[in-house]
Amino acid sequence: MTRPDTVLREVARVLWGPSLVVAFGLIVKGYAEVGDGFAAGVVVALVVGLFYVALGAEGAERALPFLRFAPKLAVGGLVLSLIDGFFPLLLGEPPFTHHPGPGEHVVTIGALELFTPLLFDIGVFLLVLGVLTVLLHQLADPDSEAGDPFPDGEGRR
Amino acid sequence: MTLLAVTLLVPWAAGALLVVLDGRRRVVAWLGVAALAATLVLLAVLTVRVVVSGPQQLVTGGWPPGIGIVLRADALGDAFALVSVLVLLTAAAHEAVAGPRARTFPGLLVLLAAGLTGLFLTADLFNFYVFFEISMTASYALTAYGGATRQLRAAMVFAAVNLLGSIIFLMSVAGTYHITGALGMDDVAARMPAVGANAGLLVAVGFFVAFSVKLGLFPFHFWLPTVYAGSRPAVAAVLSGAVANIGGYGLLRFGGGLFPQQLQLAAGALVVLGAASIVYGAVLATSRGDTAETLAYSAIGQVGYVLVALGVGGPVGFTAAVLYTLVNALNKGLLFLATELRGRLVAAAFVIGALSVAGVPPAVGFLGKLELFRTAVTDGGVVLVVLLVLGSALSLLYMFQTYQRTFWRDRQPGGGPATALPGRLIVAALGVVVLALGLWPEPLLALSERAADVLTGGHA
Amino acid sequence: MTLAFAVAAAVLFGAGAYLLLDRDLLRVVGGIALISQAAAVTLIGVSLSRGRAPIDPDPSRPVSDPVPQALVLTALVIGLATLALLLALVHRVVVVVRTARREELAAQEAEHSETLETDQQRDRDEAA
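Chains as they are written, first to last, in our numbering: chain B, 1 to 157; chain Y, 158 to 617; chain C, 618 to 745.
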């Protein structure tokens, strides 16, 4: 393991906050311009990747404690998206119906409308972030149990 | 409508939750089996409702059908979904009894079921593509189950080849949108006759190549023996009994429903390719020494029959194609699962599977072969019938060669000491299903005819 | 404009196909990634249209078509997922087999064939 590069570490730390802002911006502007939850998730995952490269698996998870819970984050995002998509069934409507519907009044913060697809996008953001973090963890630290889907394979026939 | 949405939701929710849990624990593995059983029950109820009151449809978001994504359950999609989830259920139970070796195995199987049900129950081209990719990604991960070198190599080959097939499929979907301006299957079918012949043929060939790679038809079969023989038996059963159905369904739905003119134009070529596949698969299967490889080449041969039926076309041809694909999925699932076990019960189940592949009554494969011969006799000509007979004779030969090698070794009945009873019971149950469908074929035959009506009756 | 897209897609596909036939597994994965990008570029190039954004259409002016853009975006997402899976697979191969070269994987297959040979010889001895 080569000596961790100071510039890389500092750049990673400095980029973390702005990446979250850019991700939030992509989700917010995504309803009128280019952007969505997937792109936001990838942007944040890029900086997380930089953390893994600069600090290694242990260091990255010490610096950003939530990375330890990445699988649960991913599944939480997926479940959020599923709930958001299928809850209209309880109201007797087809899945993925917008609430409030098209043409109805909706609460807005500036240009951002607060309606159910926003939850779907946040769910997708969490899912993408979680999945890419799991992959990065697996590539960075292959011997640990947490990231290994096949913990007992060792060239066994 | 709610039933259709719930049928799609159950495997998604269950799969998402199962992936976080540790699948090597018995509880989690059996939870996966329970989720698949629930999906199967829902699909059965849905099929009954479709048969009684016609196709069920819903459009997501309440938008009009051209804008929203149309999800439809009709006889064709339901039949395929039922058989695929049944094979998945059997494989999940098989592995749950033995104890899964990977944490994500039950979750992956349930997510594969989610992808497959979404694929079979949609009437929108792009939704089809998305669920196609979901199913394939889950199956790439499943192929590496077991972690040994053979499985990893099988997974790499499978992923690389099928990714290229997926890219061709994507280009064809985009091409369809470009030439017809619509993505819903109904709209595409309505606008296709007005499209120029060359463009339509090009897009149809793209779809044909993508689905042939998936099925393992003759010119695109080279990856199949490595993958089916290298992966674990339960995974091979899933790949040949559930994932390969995507190819069969695609050929039927796209060829019969969306591109009927192009299908008729290429009918001769399809029959020739199918016949080549039959002969190639049967001849090579006879010469293999490994059970899994024999079954893999047998799979190549069996899908050739489906292509021949598709080439002949018409209501009779489509019924035969649907019936044969469903029967083949059950056969392959049974046979691949039985290769790993020993004992007289398993040997009997293997014999039933072997008889079904060869087309001998009372196994259900006899019905498939009967329908196929009927299409060949009415529309095919002498050469085709001779080739079909040759293929069937060879399949009888290699199936019993395999039986002898696996279950008749060293003069021990059943091929050796019997493996644990629950595992044998699962395989025996699937064998009983194959036998029962052969003894009472009416429901399967009626379902196949309904499915073929979807293609020829102007519903698609 | 379409020519630029066509040339870009052709170059990407050619490079991807060349890499796909390489010995090193990582380059094979890189080749697959390039080919899927070539498909995405082709899709965008085929569906280029000039007009107002469809979120605010003007009935008298042409509107640019959003559906192919959605197709390409979905294709890119799927491409990311499959690329991640392939990389994890190659990583697993390297960890387990300690090689990333294609022919060394095949060598393990040859050992399996030898066990088949002994089985067949046993059959022949038994029959004799």
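Simulated from the structure, these hints should not be mistaken for lab results. Heads up, the beta-carbon is just placed ideally off N, CA and C, and yes, glycines get one too. Hints are supplied without guarantee of correctness; some may be wrong.
Where chain Y lies over chain B, by a calculated footprint (3+ residues, C-beta under 8 Å) [stated by the list, open to error]:
#1 47 to 58
#2 82 to 93
#3 129 to 137
Just a sample of chain C residues kept apart from chain B, beta carbon distances all over 12 Å, derived [said to hold, decoys possible]:
#4 Leu629
#5 Arg640
#6 Gly668
#7 Asp673
#8 Leu702
#9 Arg709
#10 Asp736
_Given as non-interface: leucine 629 of chain C, which should sit over 12 Å from chain B by C-beta_ = holds, 20 Å
*For aspartate 673 of chain C, is the shortest beta carbon distance to chain B beyond 12 Å?*
About 9 Å separates aspartate 673 of chain C from the closest Cβ of chain B, which leaves it inside 12 Å; violated.
*Please confirm whether arginine 709 of chain C is truly not at the interface, meaning its C-beta sits more than 12 Å away from all C-beta atoms of chain B.*
It is violated; arginine 709 of chain C is separated from chain B by about 7 Å at its closest Cβ, not greater than 12 Å.
*Residues of the stretch 129 to 137 of chain B with Cβ under 8 Å from chain Y, three needed, outcome*: violated (count 0)
*Closer than 8 Å, Cβ to Cβ, for at least three residues: run that test on the stretch 47 to 58 of chain B against chain Y and report holds or violated.*
n = 0 at 8 Å, threshold three: violated.
_So arginine 640 of chain C supposedly isn't at the interface. Is its beta-carbon more than 12 Å from every beta-carbon in chain B?_
holds, 21 Å
*Hey, is glycine 668 of chain C genuinely clear of chain B, shortest beta carbon separation above 12 Å?*
It holds; glycine 668 of chain C is separated from chain B by about 16 Å at its closest Cβ, greater than 12 Å.
*asked:* Quick check: do three or more residues in the stretch 82 to 93 of chain B have a beta carbon closer than 8 Å to a beta carbon of chain Y?
replied: Held - the stretch 82 to 93 of chain B has 5 residues with a Cβ nearer than 8 Å to chain Y, which meets the minimum of three.
*Assertion that leucine 702 of chain C lies outside the chain B interface [Cβ separation over 12 Å]*: violated, 9 Å
_Interface exclusion of aspartate 736 of chain C relative to chain B, criterion Cβ beyond 12 Å_ = It holds; aspartate 736 of chain C is separated from chain B by about 15 Å at its closest Cβ, greater than 12 Å.
Checked against the numbered hints above, the structure violates hints 1, 3, 7, 8 and 9; every other hint is satisfied.
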